[in-house]
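Chemist: Protein chains in written order, with our numbering: chain A, 12 to 669; chain B, 12 to 669.
Keep in mind that the hints were calculated from the coordinates and are not lab data. Treat the hints with caution; some may be incorrect.
Copies of one chain are not kept apart here, so a pair can be met inside one copy or by any two copies together.
Here are the simulated SDA-like pairs of lysine to any residue, each with C-alpha atoms no more than 20 Å apart in a straight line [to be verified]:
1. Lys224 / Glu195
2. Lys399 / Asp577
3. Lys224 / Asp358
4. Lys638 / Glu179
5. Lys224 / Pro356
6. Lys502 / Arg454
7. Lys309 / Pro49
8. Lys399 / Glu421
9. Lys548 / Ala273
10. Lys638 / Asp173
11. Lys130 / Pro99
12. Lys458 / Arg518
13. Lys638 / Met171
14. Lys85 / Leu191
15. Lys224 / Gly291
16. Lys165 / Ser50
Number of protein chains: 2
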Amino acid sequence: MGGTSMTDPTTDPATDPVVQTGAAPASGGATFTVTFQPSGRRGSAAAGTDLLSVSRGLGVEIESACGGKGTCKKCRVRIESAPESLSPPTDVERNALGAEGLAAGMRLACQSRIVGDVKVFVPETSRRTRQVVRKEAGKRTVPLAPAVKTYPVKLEVPTMRDATADAERLLSGLEVQHGLTGLEFDFPVLQTLPSACRDGSWDLVAIVWEDRKIVEVRAAADARPVLGLAVDVGTTTIAAYLCDLTTGAILTTESAMNPQVAFGDDLIARLHYVIHHEGGLQELQRTVMGEVNNLAAKAAATASAAVTDIFDVVMVGNTAMHHLLLGLDTRALGVAPFTPAIAGPVDTLASAVGLTFNLGCRLHVLPVEAGFVGADNVAVIIAEEPYKQDKVLLILDIGTNGELVLGNRERMLSTSCATGPAFEGSHVEFGMRAAPGAIERIRIDPKTLEMRFKVIGVEGWNTEHRPEEMGACGICGSGIIEAAGEMAKAKVILENGNMNPDLQSDRMIYEDGKPRKFVIARAEETALGRPITVGIKDIRSLQLAKAALRAGEEILLRRYGVEKPDGVVMAGAFGTYIGKHHALAIGMLPEIEPDIVTSVGNAAGDGARYALLNLEKRREAAWAARKTEFVELATDPDFLEEYVRAMNFHPEADIPED
Amino acid sequence: MGGTSMTDPTTDPATDPVVQTGAAPASGGATFTVTFQPSGRRGSAAAGTDLLSVSRGLGVEIESACGGKGTCKKCRVRIESAPESLSPPTDVERNALGAEGLAAGMRLACQSRIVGDVKVFVPETSRRTRQVVRKEAGKRTVPLAPAVKTYPVKLEVPTMRDATADAERLLSGLEVQHGLTGLEFDFPVLQTLPSACRDGSWDLVAIVWEDRKIVEVRAAADARPVLGLAVDVGTTTIAAYLCDLTTGAILTTESAMNPQVAFGDDLIARLHYVIHHEGGLQELQRTVMGEVNNLAAKAAATASAAVTDIFDVVMVGNTAMHHLLLGLDTRALGVAPFTPAIAGPVDTLASAVGLTFNLGCRLHVLPVEAGFVGADNVAVIIAEEPYKQDKVLLILDIGTNGELVLGNRERMLSTSCATGPAFEGSHVEFGMRAAPGAIERIRIDPKTLEMRFKVIGVEGWNTEHRPEEMGACGICGSGIIEAAGEMAKAKVILENGNMNPDLQSDRMIYEDGKPRKFVIARAEETALGRPITVGIKDIRSLQLAKAALRAGEEILLRRYGVEKPDGVVMAGAFGTYIGKHHALAIGMLPEIEPDIVTSVGNAAGDGARYALLNLEKRREAAWAARKTEFVELATDPDFLEEYVRAMNFHPEADIPED
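Isolated chain A (complex conformation) (with noise of 0.2 Å):
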């Protein structure tokens, strides 16, 4: 049998032999080298073996699919040593390469016997799939298929009897080496390509994108990077991801607020700001891509990278964040019957909006599903495939609006619920974000009515500080629900929302002899010399938020002809910072067991990595938002009484200690 070495260039040489697979020379025989590249490893390897299975013993990813028979021609690689090096072409190669493919040293590894030392370099298009895993580690894989790609490609020096051009040359090259058809430059390439060609002494990359478009041409021997950014554009907050498209690598994260608050806190005043300011729309979208340009310069600074190695990003963001974001005329969206630009994808240059990336860099922007059911919806759907599962799932994204799936693999309900701003904390009188001095998390004992809260920044609860170091602001969303919850169970406040007359309590402040806010942190405990309350005004914030979303999710769940889903997914900050017991507790949820609650953090900014990662993912979502039925919720006949009914709260639920 032949026998394999292996040396990883990146660890101890002198790592285990690997015992290989593969047909067997005449043992005793003579061994020889071989190195693959571009990953460097190397090991020796016994005369007559084939290079298929070399690989395989050194761990290298060479695809194959018909086992070595040499019929699937998936194995091709490039020789860089002498010709020699190999046993000479079989028949079943001079089919699959072709006189031009053998000439550029192309060979099928399973069919290439060794016997010399041999260098061989695996094209990306031989190189088995990566696997791209979700930050939390093992929850989902994509393979690694990224729009943009690279390929190396080494040309024949023109000559008097072979004036090819530089063009035609590099397509041909590509065909031959990759097996690329139908291939179209970039213009600036184009111009280009003569000096880039030359000064790379016609040994060369080209980056491809979606196999249709060459974006650029540069040596090989450049060793600048590949880089890909997702963003996530919320309404308040953008999240980057910069990745490297040749790893499928994060290599950074950032974060920032929307600079667009400053034209209005929320969707409605911004889309208000762009009818009634000339230029206005320009100016917004010169103001978001502004942000996601610092984004990205912060992100390849830390990365060691430049903006200009960014040659494809994927965008998501609500249906209004998307015209804002793209330029699109927004005449329409703000009224019925709320029509968008453009419901598909959008493929576009980077440049065309304003990001100052690799000047052939691609912008992706992901579709929409309907006005108000946007392409980071479209994002959770692509991240969390209710459509490749046989479980019910729903699905909560919830911000300023909540968006709601629910779905398998047979069909797929959506909707948005107007819930307001209460769940970020606006519209209640200390609300704040979820920021250093905000009150996060809130335990009320049912008996004594003692009071326990958390401040963002602080370490510990308040019962193990002495009151002056609390120096609570205020309360984010998660805060107010656990408030409510905990007030619910407590008794503080009655099924309806109101404040229970018959407390007795030094925390209930009375107006006009009625019960009206419960003090949560005393004046002693805040840092604005007064308590921090949660009154009947912001109950009822909360009630109307918590029953439209509801609402909508019985309305889709009787749409779908379920009575509870088998799964529920929390997305988005919200979905993260809730826990799922108060959730429930306060009714926000169906009537399910806890277990089957789970938070993804954000799911909008995974789907928008994947779609950066997986062409094949882009093909999803725009399956999926077309696949995915919109349900109207002001127009159900049942929307009233089910946003009635769950106004109410029914603290059911048994919220475990912590």
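Since the structure of chain A is already known, use the hints to place chain B on it.
Modeler: Chain B alone, transformed into the frame defined by chain A:
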């Protein structure tokens, strides 16, 4: 039989009634008025007559390939009057158009019978193609099938029940009403689409490039024209043809000097400038594009249009011009092996090269064949179409370089001869461009040596004027050739080009006792105060030029395997102004009968115009550029022998008086 009487809105309404074919209802029945848009043709027809028959009677062109059987589905029209004005849709129509098509008012003209007054719109796609006629009427016609077409489309107003996004609504309308699928948007069109749809009240026109990209959407009521520009960029002259893309008409023609002459008269000087000046490439590109912008502005003003009405541009030029106008790196073009950056056709936005036309305006540049056989030559080939003929054509396009094509439908050869500038009046002592003051025609009486000549800007021969009325400044290219031809015929020069020492004439000027120059215009006939002569050095320049050309012709004939061509086409300004008799007299052409020689004017400009007005001609050009075999004269073993042989004068040709 049903009858039709027609009213052409552009002519006398009382024109002849037209007998018509088509199915026959009972005689004596009612007649109705039928109006066809956009032609506005109107006539009356008997109830029950089908629309296709009515259209034929009125001279309205509607496509039909199946003779009205309803199988070809080409005769789609849109009814603009009440649906009840036509017979109910047949099964054939239901199958061909679908429910959506019928809902949009689409019908098949052959299936629809009139039962009331009818108003019908004939979409562009259903109109029989018009023919573009070459300037010299009757010579050649090209069907009007431009890359940029206009499609009228009527859309339903969005409602809460159907809030389909604007882009998808338009795409669906274009599919149902015109059968267009797979369309994409130019990104800026998407940005303003919502306003375009609503400002146009959903009665729109889409302007579409190559049935692939929507480049503009505007109100159907918008009266602005849709124009195209064909441009022939010569080393010395730029010619621009402004055409209406909806009619094929040439609206106006403009020409100007190529302002790049400031950087060098010939190509080598300009390529040299680029190499030695940082930013020189961009400077030369800006210079030539500035002039094209000027020409377009002038042409548009003459046609009462605007440059923003221009949606498509086709440009041709020799390979160096091609690179300089596109801003392609010329680094490899000036040195062996003279490799172009790209040989194939180039498609890009006109704005990418600095043309300031419509935002969505496209630029198509015809392919080049090799380093010295350019897109202008390809344009000449698609104008002359040797590949559609049995006759073996020799096509000469002569400027600073002579470009030759020889071939027919079997095979095409091309080459480029370094003729030098003698044919253009340069490198000749009194040489000048064909401008006022230039001697352009010359006759010498072989017996008396009496001299007659014509000067550009002066009516008639010099013999009809007083000497001081002539004011000659120099001799242009055609004058040089006529001078040489006449001097050879009158034996002023010998076969080898030397001056005849035995000639007795006071026009001969001697230097060192040897005859060196022959006076064409005496001092008193010139504006120079001294005689204008043609001397031995001038004759040598011409000999080198014509020998290079003739040797090229002979090599091509030999390679092709014929002794003589069946026809000779002289293209370009040269071909227009040089008499074929003198061309034969000095041996520029093979020894053929003068009557097979034709001059075709600016065939490169014609080819550019055909490519502008017919997409198929672009495909033909791409095919012809690849199909034509380039013959490299420098490495041909027979070239030197042919070159030396062609140096002599054999003035056998009979030059007729005129």
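Chemist: Can you tell me if lysine 224 and proline 356 fall within 20 Å by alpha carbon in one copy, between copies, both or neither?
Modeler: Intra 18 Å, inter 15 Å, cutoff 20 Å: intra and inter.
Chemist: Can you tell me if lysine 548 and alanine 273 fall within 20 Å by alpha carbon in one copy, between copies, both or neither?
Modeler: Answer is neither: 27 Å inside a copy and 79 Å across each miss the 20 Å cutoff.
Chemist: When no copy is named, should lysine 85 and leucine 191 be tagged within, between, both, or neither for a Cα gap of at most 20 Å?
Modeler: within (13 Å within a copy, 36 Å between copies)
Chemist: Quick one: lysine 309 to proline 49, C-alpha cut-off 20 Å, is that within a copy, between copies, both, or neither?
Modeler: neither (29 Å within a copy, 58 Å between copies)
Chemist: If the cut is 20 Å between Cα atoms, do lysine 224 and aspartate 358 qualify within a copy, between copies, both or neither?
Modeler: The answer is both: 13 Å in one copy and 13 Å across copies each meet 20 Å.
Chemist: Can you give me the call for lysine 130 and proline 99, within, between, both or neither, at a CA distance of at most 20 Å?
Modeler: Within. Shortest intra-copy distance 16 Å satisfies the 20 Å Cα cut-off; inter-copy 74 Å does not.
Chemist: At most 20 Å between C-alpha atoms: does lysine 638 with glutamate 179 qualify within a copy, between copies, both, or neither?
Modeler: Classified as between; 15 Å across copies, 41 Å inside a copy.
Chemist: Can you tell me if lysine 165 and serine 50 fall within 20 Å by alpha carbon in one copy, between copies, both or neither?
Modeler: Cα proximity of lysine 165 and serine 50: one copy only (18 Å, versus 58 Å across).
Chemist: Measure nothing new, just compare the shortest in-copy and cross-copy C-alpha distances for lysine 502 and arginine 454 to 20 Å and report within, between, both or neither.
Modeler: This pair counts as within: shortest intra-copy Cα distance 13 Å, inter-copy 121 Å.
Chemist: Cα distance capped at 20 Å. Does lysine 399 pair with glutamate 421 within a copy, between copies, both, or neither?
Modeler: within (9 Å within a copy, 58 Å between copies)
Chemist: How do lysine 638 and aspartate 173 come out at 20 Å by Cα distance, when the copy is not named: within, between, both, or neither?
Modeler: For lysine 638 and aspartate 173, only the inter-copy Cα distance (16 Å) is at most 20 Å; the intra-copy one is 52 Å.
Chemist: Tell me, please, which holds for lysine 224 and glutamate 195 at an alpha-carbon limit of 20 Å: within, between, both or neither?
Modeler: Answer is both: 5 Å inside a copy and 16 Å across each meet the 20 Å cutoff.
Checked against the numbered hints given earlier, the structure breaks hints 7, 9, 15 and satisfies all the rest.
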